[in-house]
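Enquirer: If you want the building blocks of each chain, they are given just below.
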Amino acid sequence: MSHLSEEQLDRIIAEERLREQAPLNDWRTIAARAREEGLIRESQSSRWWASSQPWLRSAAAVLLLVGGIAIGRATIALPSAVQSTASKSTPAANANFASVDDASAALNRAVDDYQRASEFLAVNNASTGSRDSLTMYTKRAAALDKIENATVSALQTAPHDPVINQYYLATMGARVATQQQLVARPVGLRGF
Amino acid sequence: MPFDQLDLKRAIDGDERAMQRLWSQHAPHIDAVVRRLCDDAELAADISQEVWMQIFRALPSYRGDSQFGTWAHRIAVNRTLNALRKIRRIAKLEVDIEDDSAMTETDTDRTFVAESIQQAMSKLSPGARAVFVLHDIEGYTHGEIGEELGITSGGSKSQLFKARAKLRKLLAHLVDESPTVVVKGKAHVAPV
Numbered sequence: 001m002s003h004l005s006e007e008q009l010d011r012i013i014a015e016e017r018l019r020e021q022a023p024l025n026d027w028r029t030i031a032a033r034a035r036e037e038g039l040i041r042e043s044q045s046s047r048w049w050a051s052s053q054p055w056l057r058s059a060a061a062v063l064l065l066v067g068g069i070a071i072g073r074a075t076i077a078l079p080s081a082v083q084s085t086a087s088k089s090t091p092a093a094n095a096n097f098a099s100v101d102d103a104s105a106a107l108n109r110a111v112d113d114y115q116r117a118s119e120f121l122a123v124n125n126a127s128t129g130s131r132d133s134l135t136m137y138t139k140r141a142a143a144l145d146k147i148e149n150a151t152v153s154a155l156q157t158a159p160h161d162p163v164i165n166q167y168y169l170a171t172m173g174a175r176v177a178t179q180q181q182l183v184a185r186p187v188g189l190r191g192f
Numbered sequence: 001m002p003f004d005q006l007d008l009k010r011a012i013d014g015d016e017r018a019m020q021r022l023w024s025q026h027a028p029h030i031d032a033v034v035r036r037l038c039d040d041a042e043l044a045a046d047i048s049q050e051v052w053m054q055i056f057r058a059l060p061s062y063r064g065d066s067q068f069g070t071w072a073h074r075i076a077v078n079r080t081l082n083a084l085r086k087i088r089r090i091a092k093l094e095v096d097i098e099d100d101s102a103m104t105e106t107d108t109d110r111t112f113v114a115e116s117i118q119q120a121m122s123k124l125s126p127g128a129r130a131v132f133v134l135h136d137i138e139g140y141t142h143g144e145i146g147e148e149l150g151i152t153s154g155g156s157k158s159q160l161f162k163a164r165a166k167l168r169k170l171l172a173h174l175v176d177e178s179p180t181v182v183v184k185g186k187a188h189v190a191p192v
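Top line first, the protein sequences correspond to chains A and B. Position one of the first sequence corresponds to residue 1 (this note's numbering), numbered consecutively onward. Position one of the second sequence corresponds to residue 1 (this note's numbering), numbered consecutively onward.
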């Protein structure tokens, strides 16, 4: 009966050592166990929104709205009709709400205005056509993505810190506005 | 995507996506050591689940003193050996050279060499198999193996010597046979 030499066995072992093997379970199986044990919690965004107080969620929406509109104004020549609509409906100007329902209704109106304004800008804004502005918006969008990731991570450490939340929401607003310049279509309220 | 500190924090905080990235990146290696230490695929899958639960439970205690993969690998080895001990599969550390258990049916998607070595390893006693896997494949020292298995360093060396001798005999056909002549279901390990 023949035998492998020690060197031959070593070569086979080296091959075995490097061999890629599929995991023994799929992620759903592992995740189900982890969820049972409470090791997995809700996703970051839903957890944050779910744990936020109503006032904080409203404030977030307002900040997102105002931030998006402000950046939109700053980066393009906003048509007067839209400017007028946005000014009238900016909830920051109506900060005194009688109730949560009252604030929510105002928020819904503001969101509608925001979406209509976005649609209008996407159709009528001709200033985004130049190569220079496209480059600028592209770079800005990439930078904002990084900031967003950083602030999302920071929120894990301090989920209710108002400063961190403001940074996050301002970034989200700026990101939406920047995407609006980049993509010639209405921008929804991503993250809502 | 490398599993960085940010993802680690997220995983500790229960972020499923971060945990999944961690699992995706390390499961091939972690599960491979579990699979090699067990000679039963179903048992290996069960133990792998326990290993990953333990890794996730222990995440907050990971201090970054070693590479994450190394740290997780230690957990995998400990957990697997403990599980095997519990089911009395590793009670006897003597190599039973005469043991010629029947070959199991082969999977068609495995490579010939990989399948051969798996089958050959399954013919080692649990103790010899553990020593061989830990030393020759996973790179443990005999001292470390002694600590893991509760045997002396000399005992580990002796087990390895016997394991390698048996594997050299069991895998001898690899230098003579071409994989193309092997038919499905044929045992790939030469009779001892």
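To be clear, the hints were calculated from the coordinates, so they are not data collected in a lab. It is possible that part of the hints are untrue.
Unchecked claim - Quick look at which bits of chain B chain A covers, simulated, 3 or more residues with Cβ under 8 Å:
id, segment
1, 43-49
2, 64-76
3, 113-127
4, 151-159
Stated by the list, open to error - Some, not all, of what chain B presents toward chain A, calculated at C-beta under 8 Å:
id, residue
5, Arg10
6, Arg164
7, Leu171
8, Val175
In this text, all values refer to a predicted model and were calculated from it rather than measured experimentally. The beta carbon of each residue, even a glycine, is placed where N, CA and C say it ideally should be.
Enquirer: Could you work out which earlier hints the structure fails to respect and list their numbers in ascending sequence?
Expert: Violated hints: 2 and 4; rest satisfied.
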